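In the order they appear, the protein sequences are chains A and B.
Here the first sequence is numbered in this note's numbering, starting from 1 and rising by one per residue.
Here the second sequence is numbered in this note's numbering, starting from 1001 and rising by one per residue.
What the hints contain is simulated information worked out from the structure, not anything from laboratory work.
Note that the structure is predicted; figures quoted are calculated from it, not measured.
Please note that a few of the clues may not be correct.
Stated by the list, open to error - Looking from chain A toward chain B, a few residues come up when the C-beta cut is under 10 Å (computed): (1) V36; (2) L84; (3) I225; (4) V231.
To be verified - Just some of the chain A residues that point at chain B, by a computed CB distance under 8 Å: (5) L94; (6) V97; (7) L99; (8) I101; (9) A109; (10) E162; (11) H163; (12) L263; (13) F266; (14) L276; (15) P280; (16) L283; (17) I284.
We put the beta carbon where it would ideally sit given N, CA and C, even for glycine.
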Amino acid sequence: MFGPVAGVLFDGFAYGMLLFVLSVGLSVTLGLMNFVNLAHCAFAMLGGYVAVLVTNELGWPFFAALPLAFIGAAAVSVLLERTLYRRLYRASDLDQVLLTIGIVFVSVAVAAYLFGTTQQPVDVPAYLRGSISFAGVRFASYRLFLIVVALLIAVMLVLGLEHTRFGAQVRAAVDNQRMAAGLGINVELVFAVAFALGSGLAGLGGALAVEVVGLDPYFGFTYLIFVLIVVSVGGLGSIAGTFAAAALIGIVDIAGKYYAPELGAFLIYLVMVAVLMWRPAGLIGRRQ
Amino acid sequence: MTPAAATPRAYLRAQSRWSPIEIAFWLATLTSYLFFPDYLSLGSQIAIAALFALSLDLILGYAGIVSLGHAAFFGTGAYAAGLFSKYVWGEPFSGLLIGGAAAALIGYASSLIIARFRHLTRIMLTLGIGLLLAEVANSAHDITGGSDGLQGMRIWPLLGFFKFDLYGKVAYGYALIVLFAVFVLARRLIHSPFGLALRGIRENWVRMPAIGASRASHIRKIYTISAGIAGIAGAVLAQTTQTVSLEAIGFGRSADVLVMLVLGGAGRLYGGIIGAIIFMVARDQFSGVAPQYWYFWIGLLLIGVVTLMPNGILGGLSALQARWRGR
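Work out the full structure: start from the sequences and follow the hints.
Written as structure tokens, this is what we have:
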């Protein structure tokens, strides 16, 4: 009895941690500038393809690919932020949705052109492939690794936001953008850096995701929906909220697939609609 | 701009006068029978898409509600009309009403949720409700046929006389008549005091309750009406193609209709229609290209429209016209 339930909980939590890495950057940028960036997962896909290229074509180790995925996604996101996004900071939700969906469409086509529409494999080290048995439950090593990475990122983000000068500037800008600007904080620069970090984390998440969920040109669409659900359920701009929501959605999704496969993705949509009706600002959100 | 009218009633009446261009446009749709007899089934697809875009325009263009899940109502109407023809009878117009009514019912139920929220939460709720219904249609395989599509629809000839043919002659006429009838109603609706109130909600969310207008009940009303129209569009598609696939209710259709409306110009009655014509004709021309490359051009188009032409084609045209007059 205990074994299967613990296994499902563990798999769900690990999946949730992957979702956390994918979505936390979007949560911060959405909370900071109220910019509806639907292209977030396109940056994740970019990170995934960087990892595939670096490990398969260049033969570099997986652990060298992860930082490169981060840097690649962050660099491209800064480029887009400077050329396209910044024009629409004060535009309506609709314009932001349209621009960023347009970017996702283009990213799908570019990825299909460069890499084809097949699933891409990534080379992970042998010691991450096996599994560890503990108290009669098997824990896949890669999933343990995912949980460790996500926890590290969560701790680093919380410490960075709470205890550094830049973190204080970000929090000030989230709370009241005008006041922060009035106090001499360069809000635009703060946002550009936060945006790059968030997209970089998405790229890292994309690289980590390849081994678990695969990578094809439609990644930017498929996971966009999961990421948006996590972000809106968790509450904008809240790291703890995103963490809780990611764990919740991950566990509900895996448990649903395991115990009630005929329901499909129905359960997580239901959870999202229910949570948003109960708390429109998300689990730990301050504003709508 | 028209000169300021003496009374509100006169203002609304001046706004709602039919212009010669409009009349010429609707007459021109009939000439497809003469000039494009081979493209009539494409024509009926365009009319259906235009009707769907018109329904989205009512909530997006006029009430300012961004929806990423409008296909939920299109699909509901399509499945309702399909099932009605399969199990009850195949008379087209009553099937149309059933499709519209079913979608309006679902629309009313979701409007109770939608009307309470704004911004990202509302966008996410429209997306979530759309995905939920798509998932329902997928898993209720025994009723909807799931991914195989709904089979076994029987549609009787129109008015007992015009049989739906392979070349789409009847289908085009039928879709066009439905589009025109709904268009006239929508036109009447947005040039009414209710239509003005919706624009008020779009322009100033905070001030509307202050002048005594109820935001929530207006939004519930227009959302229900819009869902019903989307359902009618879905029903026309189901009846003219005699099948309903999951694609009718999928996210792709919600995204496509948004693109059409924005391309044509949201908040303008003809925006959805112009957008649907351009989008569908372009897709027909590019049909040989793999779908992912088609979406490359759609993506570029979206980026271009948002950064260069924020009010769509019709918005750009009227800005040009205003500049011309200003000289």
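How the hints compare with the structure:
1. V36: 6 Å, holds
2. L84: A:L84 check passes; min Cβ-Cβ to chain B is 7 Å, inside 10 Å.
3. I225: Constraint on A:I225 satisfied, holds at 7 Å.
4. V231: 8 Å, holds
5. L94: This interface hint holds because 5 Å falls under the 8 Å limit.
6. V97: With a closest approach of 6 Å, the A:V97 hint holds.
7. L99: A:L99 check passes; min Cβ-Cβ to chain B is 4 Å, inside 8 Å.
8. I101: This interface hint holds because 6 Å falls under the 8 Å limit.
9. A109: With Cβ-Cβ at 3 Å, under 8 Å, it holds.
10. E162: 25 Å, violated
11. H163: 29 Å, violated
12. L263: Result: holds, 7 Å to nearest chain B Cβ.
13. F266: This interface hint holds because 4 Å falls under the 8 Å limit.
14. L276: Since chain B brings a Cβ to about 6 Å from A:L276, closer than 8 Å, the hint holds.
15. P280: Since chain B brings a Cβ to about 5 Å from A:P280, closer than 8 Å, the hint holds.
16. L283: Violated: closest Cβ of chain B sits about 13 Å from A:L283, beyond 8 Å.
17. I284: Because about 15 Å separates A:I284 from the closest Cβ in chain B, which is outside the 8 Å limit, the hint is violated.
Comparing the model with each earlier hint shows violations of hints 10, 11, 16 and 17; every other hint is respected.
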